[in-house]
Amino acid sequence: MKVIGKPRRRVDGWAKVTGRTRFADDIVLPRMLHMKLLRSPLPHAEIEAIDVSRAEKLAGVQLVLTGKDFPVTFGIMPVSQDEYPLASDRVRFVGDPVAAVIARDEQTCTEALDLIEVKYRPLKTIATPEEALATTEPRIHEYGPHGNIHRLQAHEFGDVEEALGSSDYVFEDVFFYEGNTHLAIEQQAAVAALEDAGGLVLYSSTQNPHYLHRELARVLQMPASRIRVVATPNGGGFGGRCDPANHEMVVAKAALALGRPVKICLSREEVFYVHRGRHPVLMKFRTGVTKDGRLTGIHLQTLLDGGAYGSHGAASTFYTGVLTPTTYELPRFKFEACRTFTNKPPCGPKRGHGTPQPRFGQEVQLDKIAEKLGLDPAEMRLRIAVKPNSLTANWLRIGSAGLAECIRQVVERSGWKEKFRKLPEGRGVGLACSAYMCGAGLPIYWNKMPHSGVQLLADRSGQVTALCGATEIGQGSDDVLAAMVAEVLGIGAEDVRVLTGDTGLTPVDLGSYSSRVTVMMGNAAIQAAEALKARIAEAASEQFQVAPNRLEFANGRVFLAADASKGMAFREAIELAEAKFGTLGSVGSYRPPDPPGRYKGAGAGPSPAYSYTACVVEVEVDRATGWIAVPKIWIAHDIGRVINPVLARGQVVGSVYMGLAEALMEEQVFRRLPPKLSNALVHKFPSLLEYKSPTSLDMPEVETVFVEDPDPNCPFGAKEVGQGPLLPVPPALANAIYDAVGVRIDELPITPDKVLRALEKKAKGEEPRVGPEHFPAVPYPEPVVVPPPWEGGDGNAVKGAGPKVKVPA
Amino acid sequence: MMRLPWFEFRAPSSVAEAARILAAEGPDAMPIAGGTDLLPNMKRRHQTPRTLVSLRRIESLKKVSNGAGLTLGAGLTLTEVIHEPKAQPYGALRQAAAQVATVHLRNMGTLGGNLCLDTRCTYYNQNYEWRKAIDFCLKKDGGICWVATASKRCVAMSSTDCAPALIAIGAKAKLVSATDERELALESLYNNDGIEYLKRRPDEILTEIRLPPAAGWRSTYWKLRRRGAFDFPVLGVAAAARFAKDGTVEEARIALGAVASRPFLVPKAAEALVGKKLTDDVIAEAATLAASRAKPMDNADLDLYWRKQVAADFVGYALRELRGDDMRGTRLRIARQIL
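Line by line, the protein sequences are chains D and U. The opening residue of the first sequence carries number 960 in our numbering; numbering runs sequentially from there. The opening residue of the second sequence carries number -5 in our numbering; numbering runs sequentially from there.
Hints are all accurate, no fakes.
Stretch-level coverage of chain U by chain D, calculated; a stretch enters the list once three of its residues show a Cβ under 8 Å from a Cβ in chain D:
#1 -5 to 8
#2 123 to 131
#3 135 to 143
#4 220 to 227
#5 294 to 302
Counterexamples of contact, computed for chain U against chain D with all Cβ distances above 10 Å:
#6 E11
#7 S48
#8 E78
#9 L178
#10 D240
#11 G241
#12 E265
#13 V268
#14 T273
#15 R287
Calculated directly from the structure, the hints in this document are not laboratory data. Yeah, the Cβ is synthetic: ideal placement off N, Cα and C, and Gly gets one too.
Pulled out of the complex, with its shape left as it was, chain D reads as follows (with noise of 0.2 Å):
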């Protein structure tokens, strides 16, 4: 290979670090106008009246757009299109936007915003899952099983009490993830113009240009064909800009309203209110083993806190719970999750989406496992690392899996056998691992097309164009297609130009979410190269009259596989084929396979591979305050192949930075004053500077290893590594302040008050442990039993048709 796993400059590169690129906000156009939103002082209220007469009458104003303007909602998922681009009859949190000001410049519309007069009847509101479960009026939404639950699943795979009560041991762990946000630099933007035809563009910081599309089409009841959405780079995604949001409705029918380009830029606190971030999740694992370590079962219980919009939480829930039997064998499985509303702002997906909760619960708690069977925790985990080409009880389809290699490569790199149990008082180690997807096996609404699509031009210039609909989100999408494209064509990834993410000129790719890009755009990419390499290859080998395949491409010629110094240059080779075929192009499109699991919920899980990772993490604590410092991450990442070493290392020290901001600082909290002085439920910080996340003098040197294992169906083998890297650091961290100093954290984020409140109780001769103390009563449905696959079934359920399932994504 000549491209793929060569460490090169990313593609966007140059123009990145110039400061060429143009992102939303820097996209300036004739004649255009600015957008404000106002947003909702209050968490729940009834909108009485809204009165924008005086905001209308304001000099440099030209639009005042409120809810009546919007009589249709939407929803990234079908089920549950719950939010308006602007509310008309009631908010449900604290940045609700209520009313947009479309004027000359930023400062006209703040001053407006200011005479927007709007009467709101305050309700009662919902600050926790548990307030929601015992609060059936007001309903924060219309719809859901009842009260406030959003959402409520069971599924059982196998007779889990069973197996729990036929094991040596049964553990039972409550434990809290607390909920983050996803903290990218740029902070989103939009522009909205009339393109030269009369149709609407949409320049959007979006992640899912295809979905937003399709919901723009929706809300302003127009033909998707007249809507154009372009991708602008990101400055970061995280899962952050994967739902349509409000200020891109709003500021596409400004433009449609006035016939002038309109722009919004969101300010840093409407960042933290549009939100989509890291659930809130408290959950309850009861696992069985045997006295050597094998798990025999697990039930797991999930709470999730939804906050005020449906958003992803349909996947979302799915998520708390489908990735757990894919890193270990586990012959037995039952799932329940509850999803509820609450009056703060929505969350939804974030690197990870669903699963670094339920995993670093897992993670942990398998520490403690270890502990009492006295094994070693990584000795126990090579033991029941989870087999390539097998099925796991939820009937997922496991491919390659380099889980043990992982482990083998940090538990030797880190000094694990020297260091465990062995450091120091006040120093520890902890190790921890994990799987993720890469992408999602079905698309967020039912369909049978393909999930990416690639399209190549190529000309009697030698210029390669590809264009595909996939989002470039700092992530190096762009710079994979390259390489992609460049590798089968023998050039060099700098000679492929790339346009990507938008829907006016490029093929459908669902977006960049669920780690799903370099796979599938990968595959579609390879399928698009062969097919224009093989029109080129048919022309030139008329030259040397031999048959295409004796052909080679590589280093920008194409020559005789048997005598190099016979060919020509590849732009040679194209002006024969343009001779020969005409205009040149090829498409290739992808659609992952139709997973083995038949009952209703399936579609969640399923994914074309899996990647894998184990983590070691070095803590220093200080026994006296808590403190925690941490020197050394090692991590090993099963990745398939690496198409770019630098973007993937880029992406793993990008994941552990925010596994262990999370670990350690990030909290998305929320402050409700005292109820007989005020009815406020605010956001505790929305900014910045208090908003805690570490800086690059907090970050930890970080060891990084690829564990290469070519998946098969994967593009050169290659699996993500933009999420699954980020699931072992929180429990790894945990599991070392355990080795470091005997203390229990069985919540997120640890803190040194934390620590040192463990330590107090641990010096009185209590438990060591801070942590929730019990799971409340959650009305989980009777489960969908489908038996696993080693117990007779088909894949499909044998009882209980359970809750209306569709929208698995």
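Knowing the structure of chain D, use the given hints to seat chain U on it.
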């Protein structure tokens, strides 16, 4: 945050001219000395001065001069203070200045600006819309202190790093107005009131900081915050002592920051050191005495009770460093850098 509100900008080149402008404009004018705190505050509508009087062009505010001790112009940037050769003997000041915010902000922010820094509170340091959602607070536009709802006094927290360091060093501040000038002990510049936290009159300019001779003294500053950069202190401990040749403490000062609306000295803790060598027991006693004066509130980062709990540990770090212990390992873990 909103965009900046409109204001008139004046940039005089002398203290006298600046003082005249402030006197003429009245309380609607504010001096700006770096603006790294004031401008964001204006974007949140905490302050909406009609006129900003920039002190940046006034050369005399950037002077460093020796006399009996050292005089530092209030207009020196924090970066300049850190690297000023004559200021090196004052360890606490260098360590405090080096831990303010980030390198970019230290390049803009000034010593005088840091000393006059507005008090902070998680109910106050929020944008306009957020404060509207809680119906504002006692410090600005509202009637209730949400930290302590029964309190008649605003409990916003003094968040300057340089002030406790300079108070421990024994610094004096010089204030100049159009009509007079005065010098006062730096500690006396502050009130324990989150709103009226400075005794500086609106028409006065903080021009100079006068430090006593450093001979025989050692000083140090320890800062508690979540991260190695950006964050304001949630506890600042400054300690200074003059030692006899045999290590006996002859004179000492311990100052605390970020645990009240003002930085303050804890004379009892300092007295516990005088006439003694800094044994572990002596350090522990002084640390307990100092920490008992720390009254953190639930209006800043990190758990309130934990902040109170570890105050004695941080005083201990400072005194051990004065004793001559090698504290680099601890410093690296706490500050994420060697200072």
